[in-house]
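> Here is what each chain is made of, one letter per residue.
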Amino acid sequence: MLNRRYKRRYIGIYCGSLLNPDHRSIFQSILDRNSELFGYVSSQVSYIKLAKKEHNHLIIISCRTENLDEILVSLSFLQPGLIVVDVSGSIHKLKNRWATQYASLQ
Amino acid sequence: MVTGISNNSRQDSKFKKIDLCIRDTNMLNVRKMAKLLNIDVIGCPYQEQNDKGIIYRVNERPSTTTDYRYLVVANNLEQLISSSFQPNLVVVKDFEKLKSFIRKGKYRSRIALEVLISDIRYQEGSKVGKWFREITDLYRFSKRSGCQFILSSGANSVWEMVSAQCFESIMKFCKIPPRTYWEDLEEWLGLQDRPRISHA
Numbered sequence: 617m618l619n620r621r622y623k624r625r626y627i628g629i630y631c632g633s634l635l636n637p638d639h640r641s642i643f644q645s646i647l648d649r650n651s652e653l654f655g656y657v658s659s660q661v662s663y664i665k666l667a668k669k670e671h672n673h674l675i676i677i678s679c680r681t682e683n684l685d686e687i688l689v690s691l692s693f694l695q696p697g698l699i700v701v702d703v704s705g706s707i708h709k710l711k712n713r714w715a716t717q718y719a720s721l722q
Numbered sequence: 314m315v316t317g318i319s320n321n322s323r324q325d326s327k328f329k330k331i332d333l334c335i336r337d338t339n340m341l342n343v344r345k346m347a348k349l350l351n352i353d354v355i356g357c358p359y360q361e362q363n364d365k366g367i368i369y370r371v372n373e374r375p376s377t378t379t380d381y382r383y384l385v386v387a388n389n390l391e392q393l394i395s396s397s398f399q400p401n402l403v404v405v406k407d408f409e410k411l412k413s414f415i416r417k418g419k420y421r422s423r424i425a426l427e428v429l430i431s432d433i434r435y436q437e438g439s440k441v442g443k444w445f446r447e448i449t450d451l452y453r454f455s456k457r458s459g460c461q462f463i464l465s466s467g468a469n470s471v472w473e474m475v476s477a478q479c480f481e482s483i484m485k486f487c488k489i490p491p492r493t494y495w496e497d498l499e500e501w502l503g504l505q506d507r508p509r510i511s512h513a
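Taken in sequence, the protein lines are chains W and C.
So the first sequence is numbered by this note's numbering: it starts at 617 and just counts up by one.
So the second sequence is numbered by this note's numbering: it starts at 314 and just counts up by one.
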């Protein structure tokens, strides 16, 4: 078995319009919308994952780099409206930027 | 390795990212969010206070010279029939109707055809799929007919605003090269602005 990991991208999603956002249910709605728009197979091979919750209004999900555009399109066509604030190859850099550049949103 | 919005903004810093239709009236919030989403130029409905950094959408051409940038917008195709009304851009909702209008020559060259993401944002998957096909066709059509294609968020609030990278992802699915799109749009905006400046 090849021990080669695929590249992932981390997407920072801001859900400031919701008072008390439930990250799990929002993540499920992202999966559902992605499956609806691009099919179940594509959604599965995108390997979309939800990162551990650290900030109330920031949801971090990750996916395979090849499927990044599909996920971004799904996020743009989602209800409730979510804002993609950042995309990074490293979750640490995404969190750091959230703490500095996006401090005004927190 | 840092990728995504920050990296893209560095690579494409010479291209201005433009969203010409944001309907939120709180301009302070809109500007703040636009900056975070890497949107350089925004367009909003005209309000009493003038902000030089914003392109205002107006329904009629102002009779006097203005110190703000504006675009005359037709919200439906029927307005194009009137010979006296010369909009800069028309908001497209019915694609087939628009094509027949343009084939009949009821338009002026370099008019912009604007599509709003908000029109389809919350629709079911099959309608979104059809919308993507129509956008692909409309882009090709606008290239052939000398019109400017514009993709805008149509956001009713800051929470519906779309980041520059999401715009580009949507474009890629519609076979629109993002760089070409941003360049063409900036050039077109410059051309629309020229008469206002020369009158001033």
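To be clear, the hints were calculated from the coordinates, so they are not data collected in a lab.
Even for Gly, the Cβ is constructed at its ideal location relative to N, Cα and C.
A few of these clues could be false.
To be verified - Below, in silico cross-link-like pairs of lysine-lysine (BS3-like), each with a Cα-Cα straight-line distance of 27 Å or less:
id	chain 1	residue 1	chain 2	residue 2
1	W	K665	C	K485
2	W	K669	C	K488
3	C	K406	W	K623
What the hints assert, rightly or not - To give an idea of the interface, some chain C residues facing chain W are shown, with a C-beta separation under 7 Å as derived from the structure:
id	residue
4	Y381
5	V385
6	A387
7	L390
8	R434
9	V475
10	S476
11	S482
12	I483
13	C487
14	K488
15	E500
16	W501
> Take the hints in turn and mark each one as holding or not.
Checked hints:
no., hint, verdict
1, K665/W <-> K485/C, "holds (23 Å)"
2, K669/W <-> K488/C, "violated (36 Å)"
3, K406/C <-> K623/W, "violated (39 Å)"
4, Y381, "violated (26 Å)"
5, V385, "violated (28 Å)"
6, A387, "violated (26 Å)"
7, L390, "violated (25 Å)"
8, R434, "holds (6 Å)"
9, V475, "holds (6 Å)"
10, S476, "holds (5 Å)"
11, S482, "holds (4 Å)"
12, I483, "holds (6 Å)"
13, C487, "violated (10 Å)"
14, K488, "violated (12 Å)"
15, E500, "violated (25 Å)"
16, W501, "violated (23 Å)"
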